[in-house]
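Work out the full structure, taking the sequences as your base and the hints as a guide.
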Amino acid sequence: MSYLFYSTKIARYLVRNTNVSNEKEEVLAYAIEVISFNFLNIGMSLLIGYILGVVPGTMVCLLTVFAIRIFAGGAHSESAWRCAAITALIYPIMGLLASKTASMFTLLKTDIFITFSFLIGFLALFFLAPVDTPNAPIISSTRRNRLKLMSLVSLVIIGTAALIIRFNQLVSTELLYCIAFGVIWSSLVLTPIGHKLFIAFDRLKIKKERRYKSNESNVL
Amino acid sequence: MRAMFYRLLGFAVAGLVFLASVSSASACLFGHYQPKVPESLQK
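Residue numbers (the numbering used here), protein chains in the order written: chain A, 583 to 802; chain B, 85 to 127.
Note that these hints are calculated values from the structure, not bench results. Predicted, not measured: the structure shown is a model, and the values here were computed from it. All the given hints hold, so there is nothing to weed out.
The list that follows gives simulated cross-link-like pairs (lysine-lysine, DSSO-like), each with its CA atoms no further than 27 Å apart:
(1) K127/B x K730/A
(2) K591/A x K120/B
(3) K606/A x K120/B
(4) K778/A x K120/B
(5) K120/B x K730/A
(6) K591/A x K606/A
(7) K778/A x K730/A
(8) K606/A x K127/B
Put into structure tokens, the structure is as follows:
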């Protein structure tokens with residue numbers, strides 16, 4: 583098992599300076615990697631969203647995808663840095679696309695598009711969710727069923743929120759498009775097409791990451 | 085001061101272990117990269 587060099591270094595420091603057992607080092611390295619990459623991804627997304635002038639849209643896309651993906655899972659990149667690049671770009675792009683689409687489409691077309699996106703989302707979640715990865719396998723069938731159910735409940739909650747926003751005209755239609763794009767993206771990453779897309783991203787050549795293997799101190 | 089620092093490290097460790105448990109219970113979080121879940125947390 584390997585984590586990025588800084589995760590392992592910080593985890594080792596924490597184990598040495600607290601009463602935690604050595605077995606927990608791996609768990610700590612995992613948690614540090616999760617927290618650091620999520621902060622980096624969200625921060626970069628919002629920064630690019632700010633540059634493009636679509637911060638609210640980016641935030642809505644992030645929240646929509648988070649609410650579904652936390653239960654449904656989906657395709658992942660093998661590289662942390664490629665993931666950071668994809669995540670930093672995809673949510674502001676969705677926000678920008680929503681902004682452009684909202685100014686072009688009529689309210690009727692907006693309603694049709696949002697209904698269509700939720701239909702796709704429902705079908706994808708019902709038939710495909712949850713999609714696990716070799717790095718985080720879902721072993722228990724009870725857990726698998728619970729995650730599917732929770733992903734569908736999450737979609738219903740998002741749909742209800744979209745309906746309330748739509749009929750009370752609480753915000754502009756731009757944010758409704760952000761929700762719709764978020765649902766479509768969450769559905770896409772569950773499908774074989776989404777997985778092929780990430781395989782294609784993984785084939786892009788970048789500098790090799792520095793990783794530590796557990797119980798080794800040498801850099802790979 | 086030093087004792088306080090080590091106490092804070094203890095809190096940090098507790099928080100990280102909690103986060104690891106929560107994260108491993110979900111299918112994934114925001115990003116499109118999944119670090120390997122330690123075997124002790126796989127279920």
